[in-house]
Each structure stands twice: as C-alpha cells, then as structure tokens.
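Participant: Residue-level listing of the chains:
There are 2 protein chains.
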Amino acid sequence: MYDNPFYTPEAQGPYRMHRIGPFDLEEGGHIADLELAYATYGELNEAKDNAIVIPTWFSGTHQTWEQVYIGEGRALDPTRYFVVVINQIGNGLSTSPHTTSDPSIAMSRFPKVRIGDDVRAQHRLVTELFGLTEIALVVGGSMGAQQTYEWAVAYPDMVKRAAPIAGTAQNTPHDFLFTQSLMDAVTSDPGWAGGEYASNTDVADGLARHAGVWAVVGLSTEFWKTEFWRGLEPLDGGPPYADFVEFHRRFHEWLFQLMDPNALLTMGWKWQRGDVARHTGGDLAAALGRITAKTVVLPIDEDMFFPPRDCEAEQRLVPGAELRVLHSVAGHFGLFGFEKTYLDELDQHLGELLATPA
Amino acid sequence: MYDNPFYTPEAQGPYRMHRIGPFDLEEGGHIADLELAYATYGELNEAKDNAIVIPTWFSGTHQTWEQVYIGEGRALDPTRYFVVVINQIGNGLSTSPHTTSDPSIAMSRFPKVRIGDDVRAQHRLVTELFGLTEIALVVGGSMGAQQTYEWAVAYPDMVKRAAPIAGTAQNTPHDFLFTQSLMDAVTSDPGWAGGEYASNTDVADGLARHAGVWAVVGLSTEFWKTEFWRGLEPLDGGPPYADFVEFHRRFHEWLFQLMDPNALLTMGWKWQRGDVARHTGGDLAAALGRITAKTVVLPIDEDMFFPPRDCEAEQRLVPGAELRVLHSVAGHFGLFGFEKTYLDELDQHLGELLATPA
Numbered sequence: 630m631y632d633n634p635f636y637t638p639e640a641q642g643p644y645r646m647h648r649i650g651p652f653d654l655e656e657g658g659h660i661a662d663l664e665l666a667y668a669t670y671g672e673l674n675e676a677k678d679n680a681i682v683i684p685t686w687f688s689g690t691h692q693t694w695e696q697v698y699i700g701e702g703r704a705l706d707p708t709r710y711f712v713v714v715i716n717q718i719g720n721g722l723s724t725s726p727h728t729t730s731d732p733s734i735a736m737s738r739f740p741k742v743r744i745g746d747d748v749r750a751q752h753r754l755v756t757e758l759f760g761l762t763e764i765a766l767v768v769g770g771s772m773g774a775q776q777t778y779e780w781a782v783a784y785p786d787m788v789k790r791a792a793p794i795a796g797t798a799q800n801t802p803h804d805f806l807f808t809q810s811l812m813d814a815v816t817s818d819p820g821w822a823g824g825e826y827a828s829n830t831d832v833a834d835g836l837a838r839h840a841g842v843w844a845v846v847g848l849s850t851e852f853w854k855t856e857f858w859r860g861l862e863p864l865d866g867g868p869p870y871a872d873f874v875e876f877h878r879r880f881h882e883w884l885f886q887l888m889d890p891n892a893l894l895t896m897g898w899k900w901q902r903g904d905v906a907r908h909t910g911g912d913l914a915a916a917l918g919r920i921t922a923k924t925v926v927l928p929i930d931e932d933m934f935f936p937p938r939d940c941e942a943e944q945r946l947v948p949g950a951e952l953r954v955l956h957s958v959a960g961h962f963g964l965f966g967f968e969k970t971y972l973d974e975l976d977q978h979l980g981e982l983l984a985t986p987a
Numbered sequence: 630m631y632d633n634p635f636y637t638p639e640a641q642g643p644y645r646m647h648r649i650g651p652f653d654l655e656e657g658g659h660i661a662d663l664e665l666a667y668a669t670y671g672e673l674n675e676a677k678d679n680a681i682v683i684p685t686w687f688s689g690t691h692q693t694w695e696q697v698y699i700g701e702g703r704a705l706d707p708t709r710y711f712v713v714v715i716n717q718i719g720n721g722l723s724t725s726p727h728t729t730s731d732p733s734i735a736m737s738r739f740p741k742v743r744i745g746d747d748v749r750a751q752h753r754l755v756t757e758l759f760g761l762t763e764i765a766l767v768v769g770g771s772m773g774a775q776q777t778y779e780w781a782v783a784y785p786d787m788v789k790r791a792a793p794i795a796g797t798a799q800n801t802p803h804d805f806l807f808t809q810s811l812m813d814a815v816t817s818d819p820g821w822a823g824g825e826y827a828s829n830t831d832v833a834d835g836l837a838r839h840a841g842v843w844a845v846v847g848l849s850t851e852f853w854k855t856e857f858w859r860g861l862e863p864l865d866g867g868p869p870y871a872d873f874v875e876f877h878r879r880f881h882e883w884l885f886q887l888m889d890p891n892a893l894l895t896m897g898w899k900w901q902r903g904d905v906a907r908h909t910g911g912d913l914a915a916a917l918g919r920i921t922a923k924t925v926v927l928p929i930d931e932d933m934f935f936p937p938r939d940c941e942a943e944q945r946l947v948p949g950a951e952l953r954v955l956h957s958v959a960g961h962f963g964l965f966g967f968e969k970t971y972l973d974e975l976d977q978h979l980g981e982l983l984a985t986p987a
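Respectively, the protein sequence lines represent chains A and B.
FYI, in this note's numbering the residues of the first sequence are 630 to 987.
FYI, in this note's numbering the residues of the second sequence are 630 to 987.
Since the hints were made in silico from the structure, they are not lab data.
Please note that the accuracy of each hint is not assured.
Same chains, same names: a pair is fine if it fits in one copy or spans any two.
Pairs of lysine to any residue residues, derived as SDA-like cross-links and limited to a Cα-Cα distance of at most 20 Å, are as follows [stated by the list, open to error]:
# : residue 1 : residue 2
1 : Lys854    : Gln901
2 : Lys969    : Gly860
3 : Lys969    : Gly910
4 : Lys854    : Asp930
5 : Lys854    : Leu946
6 : Lys854    : Tyr870
7 : Lys854    : Asp912
8 : Lys854    : Gln809
Construct all of the structure, not just a fragment, from the sequences and the given hints.
Facilitator: Put into structure tokens, the structure is as follows:
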C-alpha cells in the first residue's frame, strides 16, 4: 500500500464507495470486503426505468464519462436519465492492489479478476443500492464494451438496451498479444519488484514503455501524420506541444506514469480474457444469441486493435443488433472525445437507441 | 565482439564481402574499413543493362530474397537479370557492431548510420565491382523501400525503374514511435548493458519483448483472427504450432532472439530517420520530383505501420508513378512471402514494370 494522488476525488472528481462485502471470484480468489467506487448523475424516476449503467475502460475512471459524455442536451442527459458510472475492480478507485487495507490481497497478492466478476459486482450495486430491476441502457467503451456485452448476456431480462463502443464480447488473439506487450513493458522494469514497489514512481521507466506501446497502437497512423495533437489543450497544463515526441512524452508518458502499475496489470489480465462465451461452454454465437437488449455496436473506424470488422462479426451474432461505425482520426483513443464530430455521431446513435422502445 | 551463428553462410546462405574501405558517415562517424556483404544471382550481360539491385530490410538479409523472390520464371529471373542483393550496413553481415575487428566501432561504439550512407556504399559496390552505369530496377521492402527511394532520388540518371514495397521515402511520426518502442524493449533489458553484452543470449528477455511488439504491429488483426499461422511450416523445425501463443513464441521470439541486439538498434535508428528530403532541404515534393525512374509504389493492404494511404501520398509526388496495392493478411510481414497469391501479385507488377521501356 502507498498513497497515489491520482486515485483521489481531487484528481478524479467526486465519487462514492459501495460496500459489496465478501466476494468470490471466478478464478477462485476471494475479496473479503469488496468496495466499488461509483458516481451518479441525475435522479432515478419512480418507475425506476430511466437508469443508464456505464462500466469503465482500461486505466480509466468515471471521470471521462462525466467530463466528456454526460450532460444536459446530450444523449446521456442527467435531466432525463439516472446515470450510474461504476469503476471496475482494481482500477485504483474500486478495491485495488495499492489501496486495500487487507494485506492478504495487497499489491502482488491481488487476486485475478474477470469481466464476469465486475459485472456481477455491478449488478449487486445497482440492485442493492437502487433496487433496479431494469436498465434502460448499458454503454461502455473498450473494456467497458466487454462489460456491456457481459451485462447483456448475463442479465438479459434486465438490460433493455446495450451500446458497446470500440470493444468486443470475446477478446481476440491480437488483443491478447497487444495487452501482453503492455503488461510486459511494466513487469520488465526492475523497479516493479514483482509487484512490491514502494511507489508508482519506482516503475516510471516501465510505465513510460507501456505508454510507448499505447502511442503506436492506441491512436492511428493518421493521427500522427496529420499532427492532430497540435489542436489539443495540453493535459499537463504546460505550454503547447512543440513536436510529436514532446506530445507523446507529455501526454502518454505523463498520464500513464501517474497510474498504479498493479492496477494496470489487474485490468490487463482481465482484458486479455474477456469472453461472454464462458456462459455457454465456449459457444460465442450461443452467448450472443441470448441477448435480448436492443443493441447498437459502435466500433471506431481507425481503431487499430478493435477494428470494425471484428466488432461487425459479433454484431451479426446479436439478435436484431445494428452496426454504426464511429469516425475518429484518434483511433481507439477517440474514446477520449477529442473531436466534436465523434461526440455528435455517438450522441446521435445513443439518442436513437434510447428512443427505441424496448 | 562475439560469435553469433545466425550471421554465417551456414544460416544465411552464401554471400561475398566487398571491401569499400574508409567510409565517412552522414552523421559524422567514420568506418575505417567498411565491407558490404552481397549475393548475386544470374549474369551481367555485355550491355550491362540487366542489373537489378535489392537492398535489405530491418533484421533481414539477402536470404529471404533468394528463397522467396528470385527464381527462374519469376519476375526476378536470374536467367534474364543480374540480381544483386546487398545487405545494409549494420545488419550483422555487412560491417556490424558485433563482428567488426575495429575496436573503435565495436558493440556500443558503432557509429550512427543513415539510409543515405547505405545507398552511397551500395553505389560504390555496383560501380566498383560491376562497372554499372545503369540499373534496370531497384526493388526493396520496408527499410529496403526506404533505400529504393534513396537510390532513385540520389542517382536518378542511373536508376531506370524503382519498386518500393511496403515502405516510405520519408519516415512517419507513427513509424518513428513504433521503432522506438522496439528499441526500448531491447535497451531496457539489464542484460543489454549499454550495448556491451557478452552474447545476444544475455538480452533474450529484451529481444522477446521486441518480438512481442512486432507480433502486434508487424502482422494484422486478421492474421491472428483467421489463425493464418496454422498453415505455416514451423520455422524452427518443430511440430505444428498448438495455439497462437505458441506460434508467437516459436516464430517471433525464436527468430528475434537469434539476432544481435546492437544490429537491431543500428538498423532501428536508421529506419527512424529515413528521409529523401535531406537532399532538398526538407522539401519532400522536390526530392521525389527528382525521380526519373519509372516507379511503381507497392504498399500492402493490411500493413499496420506503412499503410497504403501513406505510400499513396508519396506516390502522387513521384512523376509518372503508379500505385499498386498488394494483398496480404499477414500485413507488413506479408513480405516474408507466406502467400502464393501475394507473390503472384508482386511478380505480376514487377514483371510489367520490367517490361516497361525506361
């Protein structure tokens, strides 16, 4: 355990903790006192039929959703909907390796967690706290899309609409290897010390290499070619970026070096194994065939590791699902919402989905 | 210096050495006794107008060209053409960090080499050894494409036809960062020891991580999705690959772990800075406008880091050049020639180019 200021309300915006308590994990591990960090926007109506649930992505928290996606007049409108963003297990805010007070699961001893564990815990949260019996929409990006599919497959009677953005229901071999290269960059740093570092700053080099792989695969060749970064407000509060190498250092390296290595590794291992076909003995078509939610599958055109064709292959297996390809020169990192055009497209698709009777 | 059996005629097939002698480098370094390793196929005719020059790619040697691309009845037909494949400086066969007997440039002291140095040395070789005043075709893939463009810009009176495959004349920011991630994987291995390791086996972990990034970006998402590797004869001579992780280990990790880390770093630094606009004060259009060779630009459709659109942007700047997109599910590694369809397409395009009067 150590203090990391990145995982605080000061850095991430306000959130609350919900205590799930003792929680058995699919891989056989156990968390004696699981807590989920969540944030809500808007009010649950009397019919309890206006809830939107949003799971988070790799390395992310509820904050991007609050800042970029949720707002009055937007599709995710808190004056109409009750929006609940739930941080995934191990992301640094929900029960995580570097924050737990339970020494049996601290740091390198944190158990293996799966997407199915996340969604089961989230189901506990929304039923226990809010008494939900239906969810108007589950929407998430990347690992949040993995969780969105998991929600729709595991709780078909509850999920009325689903919108997986830039992610798949069953992780691909390419994604497995990509994630492995991200994880290897961290664990190869001698400062990682088998997960028992004293601070994330001990693993700065490994986190920088991790960021280096993200820079190559997370964005797109065209993002770099067109120098899209010139139009971005520096995240670190510094002067404009002088060149692409400086942008890389002050954006990717800066951001990932703030994070906790064990949190990234917990999420990475989980991402590699996302697979709704675990519900159906490995039969992906059978798993996706269980979905009754009105589903719109939303890949990003320039995504280098969740390409539209992989998402389309799954969309064809979901009864009645539609494919709507989003456009972002930022590729997968289009999820950060750099472009108003991308956000307008997404709002359009989510708005139409929410307007569809379910 | 140390002995590495990968860089021998037993492993790479026969080649000869040509002594260039003292050689000044663009970056200010000096090689007192530069030697280039080369292999020839076929006979130079009396008119000396049937020569084809082929520079090599990152981590490659003349061997793939011999085994996969050159043959009777093929476009690169040694019964019609005099084919000269020249290994790039620092590739392990031409003068290289781990083989030089000059202690002032051995291992970590090897000087920075640029694409322009390679091509200037290759020009020396083909004029000194063979008295060439014209070259019927320069063709190369990846870093060999960088050198092909350099040939066409630096020696426009000599190069009659040019065929850059899966590469660019000016390296892109995305490619720079990709190459950096490959290099960082190696130099972060404590066994690299600042370039003064005793053997490539000391850097096995770094070379494995290097291979891990190649697996993600060198192939394509579809290669992995379709399990294309199931159809490949195991390079290592072992049994069929059981699954994609085993294929990755026994193909990428096995292959890159045979190689010399300083050789990869020498080539990587060079690759990052390939730029024909160095001839024209940074003006790419002016540099490519110098080309008089009949040029066919040959990107690979699934290439994740030399995408067709980047190649097309340069093709438009080469007078009279044509774009012909090759198809390979293996992406950039399509260059290995896994698919007969890809090789047939390439032979067709190169055959038409060679039949075009120049």
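Participant: For every hint, state whether the structure bears it out.
Facilitator: Right, here's what the structure says about each hint:
In the homo-oligomer, the alpha carbons of Lys854 and Gln901 lie at most 20 Å apart only across protomers (14 Å), although the nearest pairing inside one protomer, at 30 Å, exceeds that limit. Proximity of Lys969 and Gly860 under a CA criterion of 20 Å is satisfied intra-copy only: 12 Å inside one chain copy versus 45 Å between copies. In this assembly of identical chains, Lys969 and Gly910 lie within 20 Å of each other by CA distance neither inside one copy nor across copies; the values are 42 Å within and 37 Å between. Proximity of Lys854 and Asp930 under a CA criterion of 20 Å is satisfied in both settings, with 16 Å inside one chain copy and 18 Å between copies.
In this homomeric assembly, Lys854 and Leu946 come within 20 Å of each other (Cα to Cα) only across copies, at 16 Å, whereas the closest approach inside a single copy is 36 Å. Taking CA atoms no more than 20 Å apart as the test, Lys854 paired with Tyr870 passes inside one copy only; the shortest distance there is 15 Å, against 37 Å between copies. Taking identical chains as interchangeable, the C-alpha atoms of Lys854 and Asp912 lie at most 20 Å apart only when they sit on different chains, with a minimum of 16 Å there against 41 Å within one chain. For the homomeric pair Lys854 and Gln809, the shortest alpha-carbon distance between copies (17 Å) is at most 20 Å, but the shortest distance inside one copy (27 Å) is not.
Hint check: a violation occurs at hint 3 only; the rest are consistent with the structure.
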